[in-house]
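Engineer: Spelled out, the chains give:
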Amino acid sequence: DAEITQSPRHKITETGRQVTLACHQTWNHNNMFWYRQDLGHGLRLIHYSYGVQDTNKGEVSDGYSVSRSNTEDLPLTLESAASSQTSVYFCASSQDRLEAFFGQGTRLTVV
Amino acid sequence: AQSVTQPDIHITVSEGASLELRCNYSYGATPYLFWYVQSPGQGLQLLLKYFSGDTLVQGIKGFEAEFKRSQSSFNLRKPSVHWSDAAEYFCAVVRETGNQFYFGTGTSLTVIP
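Line by line, the protein sequences are chains A and B.
The first sequence maps to residues 1 to 111 in the working numbering.
The second sequence maps to residues 1 to 113 in the working numbering.
By construction, these hints were calculated from the structure, which means they are not laboratory data.
Misleading hints may appear alongside valid ones.
Said to hold, decoys possible - Only pairs whose alpha carbons sit at most 25 angstroms apart, straight line, appear in this in silico SDA-like list of lysine to any residue:
#1 B:LYS49 - A:ARG68
#2 B:LYS49 - B:GLU96
#3 B:LYS61 - A:ARG68
#4 B:LYS68 - A:GLU3
#5 B:LYS61 - B:GLU20
#6 B:LYS68 - B:ILE112
#7 B:LYS68 - B:GLY41
#8 A:LYS57 - A:ARG68
#9 A:LYS57 - B:GLN100
#10 A:LYS57 - B:THR5
#11 B:LYS49 - A:ASP96
#12 B:LYS61 - A:ARG97
Starting from the given sequences, assemble the full structure and let the hints guide the process.
Structural biologist: Here you go:
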């Protein structure tokens, strides 16, 4: 069965370190998204991609970057982790606007 | 700017009672509309979606939602709630232009026996 997987599921890192969260989908979807989930804010869009070599900023992109070198993967990089980036991160993929499929999430703690 | 509004942060209902969760969006045109559910520690699962046509849509787990263009609303309903329905519920919108999914802040549902 097709799926979308995130790794790691949990990570603790120190302030100032670079961190990369992985997202891999086997749906063969063109669109991929990264969200962060915080209490009181719901899910906020960080970055998204409509295809290989395409990346776009979302609502809360400062301090984050993504790259899309193939259809399956959209890694999210925190250039210099800050305590404000402690959150739960979700990756999703979709084909057009039909439905977004979500990974299980990565809980990131910045200390 | 928030394009999807879920006015109820938290709702408590008794098991067997009916449920309605509210969702409003701020676009004049007809976007694609979705409801997702999230159980604790899990990802999001699609309950139902509306693209066009019949304004009352049926989803999984006995949920339904009604699109009302005049009110820019897409409220989720269930006639009889089960204890297993306790979860976080998110309304989402995809605009006519673009493929980004925008989410509301969510409504947390507690079910009491």
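Engineer: Against each hint, give a clear statement of whether it holds in the structure.
Structural biologist: Hint check:
no. : hint               : result
1   : B:LYS49 - A:ARG68  : violated, 28 angstroms
2   : B:LYS49 - B:GLU96  : holds, 15 angstroms
3   : B:LYS61 - A:ARG68  : violated, 36 angstroms
4   : B:LYS68 - A:GLU3   : violated, 33 angstroms
5   : B:LYS61 - B:GLU20  : holds, 14 angstroms
6   : B:LYS68 - B:ILE112 : violated, 30 angstroms
7   : B:LYS68 - B:GLY41  : violated, 32 angstroms
8   : A:LYS57 - A:ARG68  : holds, 13 angstroms
9   : A:LYS57 - B:GLN100 : holds, 11 angstroms
10  : A:LYS57 - B:THR5   : holds, 22 angstroms
11  : B:LYS49 - A:ASP96  : holds, 14 angstroms
12  : B:LYS61 - A:ARG97  : holds, 23 angstroms
In the structure shown, a violation is registered for the earlier hints numbered 1, 3, 4, 6 and 7, in ascending order.
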